[in-house]
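In this text, residue positions in the first sequence follow my numbering: the first is 1, and each later residue adds one.
No lab work stands behind these hints: they were computed from the structure. Just so you know, even glycine gets a beta-carbon here, dropped at the ideal spot from N, CA and C. Check the hints yourself; a few may be wrong.
Cβ-Cβ distance ranges computed for the label pairs, FRET-style [said to hold, decoys possible]:
{"#": "1", "residue 1": "GLY368", "residue 2": "GLU93", "range": "18 to 24 Å"}
{"#": "2", "residue 1": "GLY166", "residue 2": "PRO127", "range": "57 to 63 Å"}
{"#": "3", "residue 1": "GLY381", "residue 2": "SER207", "range": "40 to 46 Å"}
{"#": "4", "residue 1": "THR32", "residue 2": "ALA89", "range": "18 to 24 Å"}
{"#": "5", "residue 1": "HIS396", "residue 2": "SER358", "range": "50 to 56 Å"}
{"#": "6", "residue 1": "THR32", "residue 2": "SER401", "range": "35 to 41 Å"}
{"#": "7", "residue 1": "GLY368", "residue 2": "ALA89", "range": "33 to 39 Å"}
{"#": "8", "residue 1": "GLU363", "residue 2": "ILE403", "range": "22 to 28 Å"}
{"#": "9", "residue 1": "PHE18", "residue 2": "ASP134", "range": "52 to 58 Å"}
When the alpha-carbon atoms are kept at most 16 Å apart in a straight line, the in silico EDC-like pairs for lysine to aspartate or glutamate are as follows [unchecked claim]:
{"#": "10", "residue 1": "LYS310", "residue 2": "ASP242"}
{"#": "11", "residue 1": "LYS147", "residue 2": "ASP97"}
{"#": "12", "residue 1": "LYS182", "residue 2": "ASP134"}
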Amino acid sequence: MAEVQKSDNPLDDVFTEFLQSPRVFKNRDVLTDRYIPDKLPHRTTQIKALGYTLASILRGARPSNVFLYGKTGTGKTAVAKFVLKNLAAKAKEQGYDMSTAYINCHTVDTNYRVFAELCHFLDVKVPFTGLPTDEVFNRFCTALDEKNTLFVIVMDEIDLLVKKSGSETLYQLTRINTVLEKSRVSIVGISNDLKFKEYLDPRVLSSLSEEEIVFRPYTAQELNDILNDRAHMAFNDGCIDDAVIPLIAAIAAREHGDARRAIDLLRVAGEITERNGDSIITPKHVRMAHDAIERNTVSEVVTTLPIQSKLLLTAIYLQYREREKNDETGVTTGDAYQQYIELCDYMRMEPLTQRRISELINELDLLGIISARVVSRGRYGRTKQITFTVSTRLVHDALSSDIGLKKFLNFS
DNA sequence: TGTCCACTGGAACGTACGGCTT
DNA sequence: AAGCCGTACGTTCCAGTGGACA
Numbered sequence: 001m002a003e004v005q006k007s008d009n010p011l012d013d014v015f016t017e018f019l020q021s022p023r024v025f026k027n028r029d030v031l032t033d034r035y036i037p038d039k040l041p042h043r044t045t046q047i048k049a050l051g052y053t054l055a056s057i058l059r060g061a062r063p064s065n066v067f068l069y070g071k072t073g074t075g076k077t078a079v080a081k082f083v084l085k086n087l088a089a090k091a092k093e094q095g096y097d098m099s100t101a102y103i104n105c106h107t108v109d110t111n112y113r114v115f116a117e118l119c120h121f122l123d124v125k126v127p128f129t130g131l132p133t134d135e136v137f138n139r140f141c142t143a144l145d146e147k148n149t150l151f152v153i154v155m156d157e158i159d160l161l162v163k164k165s166g167s168e169t170l171y172q173l174t175r176i177n178t179v180l181e182k183s184r185v186s187i188v189g190i191s192n193d194l195k196f197k198e199y200l201d202p203r204v205l206s207s208l209s210e211e212e213i214v215f216r217p218y219t220a221q222e223l224n225d226i227l228n229d230r231a232h233m234a235f236n237d238g239c240i241d242d243a244v245i246p247l248i249a250a251i252a253a254r255e256h257g258d259a260r261r262a263i264d265l266l267r268v269a270g271e272i273t274e275r276n277g278d279s280i281i282t283p284k285h286v287r288m289a290h291d292a293i294e295r296n297t298v299s300e301v302v303t304t305l306p307i308q309s310k311l312l313l314t315a316i317y318l319q320y321r322e323r324e325k326n327d328e329t330g331v332t333t334g335d336a337y338q339q340y341i342e343l344c345d346y347m348r349m350e351p352l353t354q355r356r357i358s359e360l361i362n363e364l365d366l367l368g369i370i371s372a373r374v375v376s377r378g379r380y381g382r383t384k385q386i387t388f389t390v391s392t393r394l395v396h397d398a399l400s401s402d403i404g405l406k407k408f409l410n411f412s
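Go ahead and model the full structure; you've got the sequences and the hints to work with.
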């Protein structure tokens, strides 16, 4: 009789184990970014406000432009998508043509890209570079007018676009209705930055913020409700310890009431539970998930950094560690730059100027790895005080994955 | 109260490159 | 192929600045 051949594919074990392990998730998708829930707890006021503003579409009129303000994870994007989804259905019922475009200005951050992206929504092909911006704008206008529609453009993280490329795009968009003959455009701007209006050109400001809706951060109790809702849909009954949701809510409330982070944490805790072959999510899994998320973000950000930024981060790390030993806090731009030059010397690389390094420090700050605060030390001048916002151990680990940098990390 | 440090950060400009139009 | 145009990444120049200190 033929002997049963044992496969030496290591994945067999993984798959068998996975299939045999207890199932915690009923529907994992409800804990991802893509999911738009049917109800948004504690956001009724904002939903109604946005609904009222955009409702004129139901009479075929162009609604006012709206601005949604609030910190990350306060439900701005979810509310906007929720309202537009419902509105589109209602408009169709009333026989009006309405379309929406969603643009995230985090990636679409130049005038050219915004119009190119809008063209894509209308199925107009444009190259990602090469054309004059005016030409792309004209193609967009022509295509839009042909559609004879009410076009709502949601611009998420709009502050990033303005900070990088100025108010020009928004100016053109707010004026576009004077160019169009048949179609009409409304803009829903979403910003994390409450001070964003200060950067805005006054001409744009007046027409763009015809209406404003503010989103305050969720409290621990509100996060608790949101998580309960989602957990109910996502997990099988009895798979979640009673202490888990209050714990996640408390962690997220401490970290600025960010619901997205809270939901992420819940999802990862579930994944870890399944992977461990456990059947109930406990606070232990939550803490493991918290650790894993931080580790992942740091390592992802650090490994994808360009070489100069990595070198700079190494320099900051070395200086920071040195200062820590002497019970001093904070590295200044000057310290970091000196150390950076030294590292460039070892690597036989041409160093960047201090001006450029100052900019790269700001970028690292934006990425959430470090915090760079401008301080004045009186007669010792003005500088940035740099500290790490994530654990230095994680930064060390992420940097050591680069062979070229590893040897510097144990330098003193 | 004025000085002065160690920068910051805006502005203008240069270079390399991809890709379009003519 | 030449002439544009946009993007990315960088440099140079320099006015401006908060606050400790003489």
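Q. Is the gap between the beta carbons of THR32 and SER401 within 35 to 41 Å?
A. violated, 27 Å
Q) Does the Cβ pair THR32, ALA89 satisfy 18 to 24 Å? A) holds, 23 Å
Q: Could you see if the CB distance from GLY381 to SER207 stays within 40 to 46 Å?
A: Taking Cβ atoms as reference, GLY381 and SER207 lie about 42 Å apart, which means the hint holds.
Q: Kindly confirm whether 52 to 58 Å is satisfied by the beta carbon distance between PHE18 and ASP134.
A: Holds, since PHE18 and ASP134 (Cβ atoms, about 55 Å apart) stay within the stated range.
**Q.** Restraint status (C-alpha distance of LYS182 to ASP134 at most 16 Å)
**A.** violated, 20 Å
Q.
Can you tell me whether the CB distance of GLY166 to PRO127 sits inside 57 to 63 Å?
A. Given about 23 Å between the Cβ atoms, the range is violated.
Q) Do the beta carbons of HIS396 and SER358 sit within 50 to 56 Å of each other? A) The hint (50 to 56 Å, Cβ to Cβ) is violated, given that HIS396 and SER358 are roughly 24 Å apart.
Q) Is LYS147 close enough to ASP97, meaning Cα to Cα at most 16 Å? A) holds, 9 Å
Q) Taking the CB of GLU363 and the CB of ILE403, does the distance hold inside 22 to 28 Å? A) holds, 24 Å
(Q) Quick check on a hinted range of 33 to 39 Å for GLY368 and ALA89, using CB atoms only. (A) holds, 38 Å
Q: Measure nothing beyond the straight line between the CA atoms of LYS310 and ASP242; if it is 16 Å or shorter, mark the hint as holding.
A: violated, 43 Å
Q) At the C-beta level, are GLY368 and GLU93 separated by a distance inside 18 to 24 Å? A) Between GLY368 and GLU93, where Cβ atoms are some 44 Å apart, the hint is violated.
Checked against the numbered hints above, the structure breaks hints 1, 2, 5, 6, 10 and 12 and satisfies the rest.
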